[in-house]
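Enquirer: Chains as they are written, first to last, in my numbering: chain R, 336 to 529; chain X, 336 to 529.
Simulated from the structure, these hints should not be mistaken for lab results. Please read these numbers as outputs of a predicted model, since none were measured by experiment. The reader is advised that the hints may include incorrect statements.
Identical chains blur together in the list; that is why a pair holds if it fits in one copy or across any two.
[Claimed, not checked] Taking lysine-lysine and the BS3-like style, the derived pairs with C-alpha atoms no more than 30 Å apart in a straight line are:
hint: 1; residue 1: K359; residue 2: K488
hint: 2; residue 1: K369; residue 2: K387
hint: 3; residue 1: K475; residue 2: K492
hint: 4; residue 1: K368; residue 2: K512
hint: 5; residue 1: K345; residue 2: K454
Listed here are the chains, written in short residue letters.
There are 2 protein chains.
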Amino acid sequence: MHFELINHIKQVVSLTGNDVVLIKRLFQFTEIKKNDYFLQEGQICRQVAFVKKGIFRYFINEDGEEKTFSFSSENRFMSNYESFIPQTASFQSIQALENSEILTISHSDLEQFYLKIDKGERFGRIAIEQIFIQLLQDLKSFYTDNEQQRYEKFIAKYPDIQQRIPQYHIASYVGVKPQSLSRIRKRIIRYSIY
Amino acid sequence: MHFELINHIKQVVSLTGNDVVLIKRLFQFTEIKKNDYFLQEGQICRQVAFVKKGIFRYFINEDGEEKTFSFSSENRFMSNYESFIPQTASFQSIQALENSEILTISHSDLEQFYLKIDKGERFGRIAIEQIFIQLLQDLKSFYTDNEQQRYEKFIAKYPDIQQRIPQYHIASYVGVKPQSLSRIRKRIIRYSIY
């Protein structure tokens, strides 16, 4: 049940047998049905989740239009840290795009993780650094890359999910209308055969 | 020499006598003259600094125009973490606006801090979380607040530096021309006397 999570953490820090026992106790298995929400705008994000199976999209509501700006899929952590860390209301929503399985940890249990796992703080510090850098790179891409570059980065970053989700979510992420996304894809295919 | 830094860290985690000795060894005292740079665009940010004395502004160069987007003053950490953490070239510059005194720690010495200070990792994790949340709030403010709100947030966030730096840097931070800043200030003063 916790195999992928333990493995994921072990790629960053070593874990003792006791650590593994505690991690299994702290992370709760939960299923989320397709189209249901992990987090809705206005709620406080109470958990960090590790995605075992499924895909989630992060979006904001801008004047009635949903703008997708990120995805989480297998073997990634998922949360809205901006809401989770200070425990304030979220401005974004996180929705399952497939029937999904996640392992969740609450705010107070994450504090236990930090306090009781030998290298828990080290893992947390490195994980949040990576999320921070990723966010900065995403933001830069959003303001400096053109549509084709954004689509190519989407493919590079999420190679596994392109075929599994509706194209209009990808178009929203790239920042174009769905028909423009088809044009970008055809252009890339045309160039890649030479 | 290291009094304010030790105090600042102790507000977050407890430190042993040995920790204090090590921190004094890891953080180097450096002076930076007014208008000199802590970091220039294109360089790799090699250090995190704690500001003992002085003010610094963070800016990017946008088509030849310098856009100021943040400040650091006394008792704050200063770095471009986007460049420092992965050790890649910086897109931003950090410049002293007064003759300044800082305590700097290198990338490898910060790793020593994390490994050898009892609660070093905990301090690092909490510090980076705070920086992360601050960045997200700054970004949101930039896209949702109007000029007056941004000016009021500047005053709330940096109450100590308003009188110490040229007004055109504040205008750049707020996102207006210097003459518009005067208008905003007059409006605020007019309202605050009632």
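Enquirer: Given identical chains, is K475 near K492, meaning Cα to Cα at most 30 Å, within a copy, between copies, both, or neither?
Expert: both (15 Å within a copy, 25 Å between copies)
Enquirer: Taking 30 Å as the upper bound on the Cα-Cα distance, should K359 and K488 be classified as within, between, both, or neither?
Expert: For K359 and K488, the Cα distance exceeds 30 Å both inside one copy (34 Å) and across copies (43 Å).
Enquirer: Is it within, between, both, or neither for K368 and K512, if the alpha carbons may be no more than 30 Å apart?
Expert: within (27 Å within a copy, 51 Å between copies)
Enquirer: Given identical chains, is K369 near K387, meaning Cα to Cα at most 30 Å, within a copy, between copies, both, or neither?
Expert: within (14 Å within a copy, 53 Å between copies)
Enquirer: Up to 30 Å between alpha-carbons, please classify K345 paired with K454: within, between, both or neither.
Expert: Intra 10 Å, inter 21 Å, cutoff 30 Å: intra and inter.
Hint violations for this structure: number 1 only, all remaining hints satisfied.
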